[in-house]
Amino acid sequence: MSERADAADAIDTEATVLRSGTIRVRSEDDILRARQEAREIAEEIEFSTTDVTRIVTGVSELTRNMHLYAEDGIMEWREIEAGRDSGLELVFDDNGPGIDDIEGVLRAEHSTSGGMGRGIQGTKKLMDAFEIVSTPDDGTTITVRKWR
Amino acid sequence: MTATDSAAVTEVFDVLIATFPGRPTDQAVDELRQDVLDRMETADPRGVVLDISAVTTLDSFFARVISETASMVELMGGAAIVVGMRPSVAITAAELGFGLESVETARSTDHALSMLGISVEATDDDTSDPDDGVIDRSSPTSSPGGRQ
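The listed protein sequences derive, respectively, from chains D and L. According to full-length UniProt numbering, the first sequence is numbered sequentially starting from 1. According to full-length UniProt numbering, the second sequence is numbered sequentially starting from 1.
To be clear, the hints were calculated from the coordinates, so they are not data collected in a lab. Every residue gets a Cβ at the ideal spot worked out from N, C-alpha and C, and that includes glycine. Just so you know, not all the hints are guaranteed correct.
Which stretches of chain L does chain D cover? Using the computed rule of at least three CB atoms under 8 Å from a CB of chain D, they are [stated by the list, open to error]:
hint	stretch
1	15–26
2	49–59
3	80–93
Here chain L stands alone, though its shape is the one from the complex (with noise of 0.2 Å):
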């Protein structure tokens, strides 16, 4: 259960890719945010991923800390691209009047990663699942903590 409380922050090509953990303790949310703009300072890169594909609740504490994470890393000349949220999170944040507006949003960590100019060279057949598609995200499940 440890590796799913903790947050991950993977580089892929010239990205970092914030993995939310599925149920967070507030302070988890804020050593993420933390650890995301740090990277963003060590590792330079063009851009953050904020992936929320395992978050099945975001309450307005939770999608404040996003919002924010998008803007301060726009502040330091990155982009943020929020990639995976559920249907039944987008629901009930656009019900709860937190429609994450000013965040820019894609389906998937392929399409983000398009959206910043990276493509991908296609291996042979990847129409499937986009988990397991072309861009190995590192999974942090295979190595937890593995890096630091």
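Here chain D stands alone, though its shape is the one from the complex (with noise of 0.2 Å):
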């Protein structure tokens, strides 16, 4: 039923998480809350401004998509380190309705409320790993990485 989206640059990666933290999206104002938090650890792990504003933009995008197709939802934040590497990963998980077709939203074919597809896919290109699975059952969980 799962339906994966590979490979190039899924989260296959062993990380160590440092730390981490939630936040639960369920109105317009913890979508704010969710990328003050957000700009706050990329600023404290000292990413560059350019990438703080592509980690914020890219919360910005999933967190209402979140809040638009599932109501409710909980971001995961958390630093990870892998070897010398460090970053921060960001988890965007719901219990909604799912996505059919995740390959024609990536490549943002699909744009139901004009601008889910194009919201992902742009958050896609922003990051360095990216790993969506959703099925109609368990809803749709977002996994998104970027590097320092």
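Two chains, two frames, some hints: make the complex.
Set out below in structure tokens:
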């Protein structure tokens, strides 16, 4: 049942989680809160200004999708480390209706409410790794990583 | 914090200046669009400057509202110019795939005003900071909620 987007930039590197936190997203204010928290963490990890902007913009796209399509979801952030690399992993998890055609969404062929496809596809471009798992039963989980 | 959450539309010479707050909710962005269009009708200006210099995160929703606002202003017979996009925001917007292609842009409010055909007499020394230049943007910070 589960559709999984492959392969090239999937989340396949083992990483150690240094610290983490979660934010529940069920209102527009929560979207702002998630953005703000992601910004603070990304700045603490000392990403460049442009990378901070990429990360926060991605958070904005994905939390908005979550709120729009599933109403309620959780963003978890994790400061991660793999060898000498450090970075940020973000997981967006909801129990919404799921996405029927992930490949289509990633090609941005779908734009149901004027933007999900572009938001997801665009976010993928802003990140170093991107993975999406979605089923009608379990909703959608999107995991992204950005390395410093 | 309230002052930075809401947008401000002020009138300078024959032009409306809409200053977008740094971290607006979707609702605040929508309200600003409505406010700009209402003021287009009542003030009948020759154009609108959309100042996004405080904006650190321009996601697809925000970008779409800005393009739509610009085209609505044009439909109403005015010119619309977006000013002040930060470099990191421009990079991210280009990567995300929305470059605000159809929107006219300028580097600063001064440039936008001269594009709109307004010439401003320079005082003796205006070489330095554009924020400190000859044009008083009737800064909303000095009188939050002063004129509505």
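Failing hints, ascending?
Of the numbered hints given earlier, the structure breaks none, since each of them holds.
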